[in-house]
Amino acid sequence: EPEVTQTPSHQVTQMGQEVILRCVPISNHLYFYWYRQILGQKVEFLVSFYNNEISEKSEIFDDQFSVERPDGSNFTLKIRSTKLEDSAMYFCASRGELAGNEQFFGPGTRLTVL
Amino acid sequence: EDKVVQSPLSLVVHEGDTVTLNCSYEVTNFRSLLWYKQEKKAPTFLFMLTSSGIEKKSGRLSSILDKKELFSILNITATQTGDSAVYLCAVLLYGQNFVFGPGTRLSVLP
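Chains as they are written, first to last, in the numbering used here: chain S, 1 to 114; chain G, 1001 to 1110.
None of the hints are false.
If you want a taste of the chain G side facing chain S, the calculated C-beta under 7 Å gives, among others: (1) K1041; (2) M1048; (3) G1095; (4) F1100; (5) P1102.
Some chain G residues near chain S, calculated using beta-carbon distances under 7 Å: (6) A1042; (7) P1043; (8) F1045; (9) Q1096; (10) N1097; (11) F1098.
Label pairs and their calculated CB-CB ranges: (12) S:P8 with G:T1044: 20 to 30 Å; (13) S:P2 with G:R1031: 20 to 30 Å; (14) G:T1077 with S:S9: 31 to 41 Å.
Honestly, the hints are just simulated from the structure, not real lab data. Glycine is no exception: its CB is placed at the ideal position from the N, C-alpha and C atoms.
Isolated chain S (complex conformation):
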């Protein structure tokens, strides 16, 4: 069964460093998303991506964040200068138009900023 994969599963970084979180969405999916979930809190939408551009972004997704689909299979989230409050679980998700609006999540990357 196709699935969304994410790497790494856990990333530890120093405050101020850049991190890149990687995702491989399901291959025939067209819409890609990043979410974050701070420990014990609700899932928060960050950004959606369709047709090689951002279609929606939340207030959380400021200039420190960027997304890219560099090679047609990977979908990356970059945080330029990490802050302590960026520590969270980051989920990638994808969905396909033809399959309806079902959205499938990856296993997540736990980001810890020290």
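Fit chain G to the known structure of chain S by using the hints.
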């Protein structure tokens, strides 16, 4: 501001009980409502509801949407300890934005 509210936030039941989880929403440009189960890590998809009044069923789980009253319910019958999880309600908006509710934490005791 788009908002999704879930109730109760926490629920403790015994195996065999039936539970009803509630989700209400106030959003612009509603497209669909989705239910997810989150155990230890990533949410797993349960149901997607787009039309009012049509019940979706999967085993002991069922869900229905009321677009006039802006809510959905998720029913779980004959609960088992494996049903213990956080159940998330999310609304998909036109424009590809998802808005999640805070979740209902269900604990099923043996």
